[in-house]
Amino acid sequence: MAKIVGGIVTSHVPAIGRAIAGGLQEDAYWKPFFDGFPPVQKWLDEVKPDVAVVIYNDHGLNFFLDKMPTFSVGAAESYSNADEGWGIPTLPAFPGNLDLSWHLIESLVDKEFDITTCQEMRVDHAFTLPMKLLWPNAGEAWPVRTVPVCINTVQHPLPSARRCFKLGQAIGGAVRSWDDDARVVIIGTGGLSHQLDGERAGFINKDFDLKFMDSLVTDPAWATQYSVEDLVDFTGTQGIELLMWIAARAAMGSVEQVNKLHSNYHIPISNTAAGLMLFENVA
Amino acid sequence: MADVKQRRVIPGTPIFDGDAARKGYALNKMCFSFNSAANRAEFVKDEDAYCRKYGLNAEQSAAIARRNVLDLIAAGGNAYYLAKFAGIFGLDMQDIGAQQTGMTKEAFKAKLLEAGK
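First to last, the protein sequences are chains W and G. When we follow the numbering used here, the leftmost residue of the first sequence carries the number 1, and every step to the right adds one. When we follow the numbering used here, the leftmost residue of the second sequence carries the number 1, and every step to the right adds one.
If you are wondering where the hints come from, they were derived from the structure by calculation, not from laboratory data.
Partial selection, computed: residues in chain W whose CB lies under 10 Å from chain G: (1) Asp-58; (2) His-156; (3) Leu-196; (4) Phe-203; (5) Pro-268; (6) Ser-270.
Cross-link-like lysine-lysine pairs, in silico, DSS-like; alpha carbons within 27 Å at most: (7) W:Lys-260 / G:Lys-117; (8) G:Lys-111 / W:Lys-211; (9) W:Lys-67 / G:Lys-29; (10) G:Lys-109 / W:Lys-211; (11) G:Lys-23 / W:Lys-67; (12) G:Lys-117 / W:Lys-211; (13) W:Lys-31 / G:Lys-105; (14) W:Lys-31 / G:Lys-117; (15) W:Lys-206 / G:Lys-105.
Here a beta-carbon is modelled for each residue, glycine too, at the ideal position from N, C-alpha and C.
Hey, can you work out the whole structure from these sequences and the hints?
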């Protein structure tokens, strides 16, 4: 059976792409952010996962409001990015893993998650930037195959934190029941606190973010006590992207199944509090 | 409209819900089209014609003409699609944040730095 080797949760912000393109990793503004990643890159070099399940949210590249699935799963041979409105460079395509995609789809529907399946799926900065941050030297060939899982955070009602936690548990169970010897890493991208729109634009909540990050170590279901409205209140309209962290952490398993190896937290990157955590699975 | 629950108001915090999605569909569809460089160029060439092509109402067209983010949100715009509109003018998220909060860009950036202390 496949094995979950660990998980990584990180923020994604379009400005990171411009910083990478401009080689600004050592720039004073960016350094505290980029300096968080080498320990994670080193861990990935050592552990060498075969497949990454990437839980992210689309910002209007693959999905528009004409059809807005709550949960969607990629089932494509490969996934490419594209211009999101500001002409970002296109990257080498990310190879998919159709066997895991369809196993995940079968398992999730069996667990009563009414997902949307996507045999074509463009992936935006929420997927591509974390991949660039985790494997900066990948060049033309990504070292992992990928399965994207997308959660709607564009149009309310959004799925609750509780529902996303359960989705994550179901993803974890599906991976562990996949009849393959693959080593799988779970990646969740988004957050942490930030708000782009309204008179409260620029809102950041360091206290809540740090409490939330701590909860992923000690009590990963902690945030599920809150409604989506509560979480928007605490973290901002886009801070709600922490739903991806909740799902990814739930996929990794219980407190006993993981060790936290590394974390980083820095304010601000663009308008965002940027967080990063690395967990290894011990069971 | 019937509702499953009472909505909560978080000051200064627009929630893009069904009401906004209905109201802002044409505006958001136009902004979604800006994923294409050719469409961005067509908009820049003749903004009014492009707004008409997407069926924007008067409130939406006026908010586009004024580049006013709070008005665009009030007209049903969604932050993620509006970001594509802002991208045409090379505006970043600090420009957008400063405009909405009535601050200078420098003051807005200082506020973000302060949040990290």
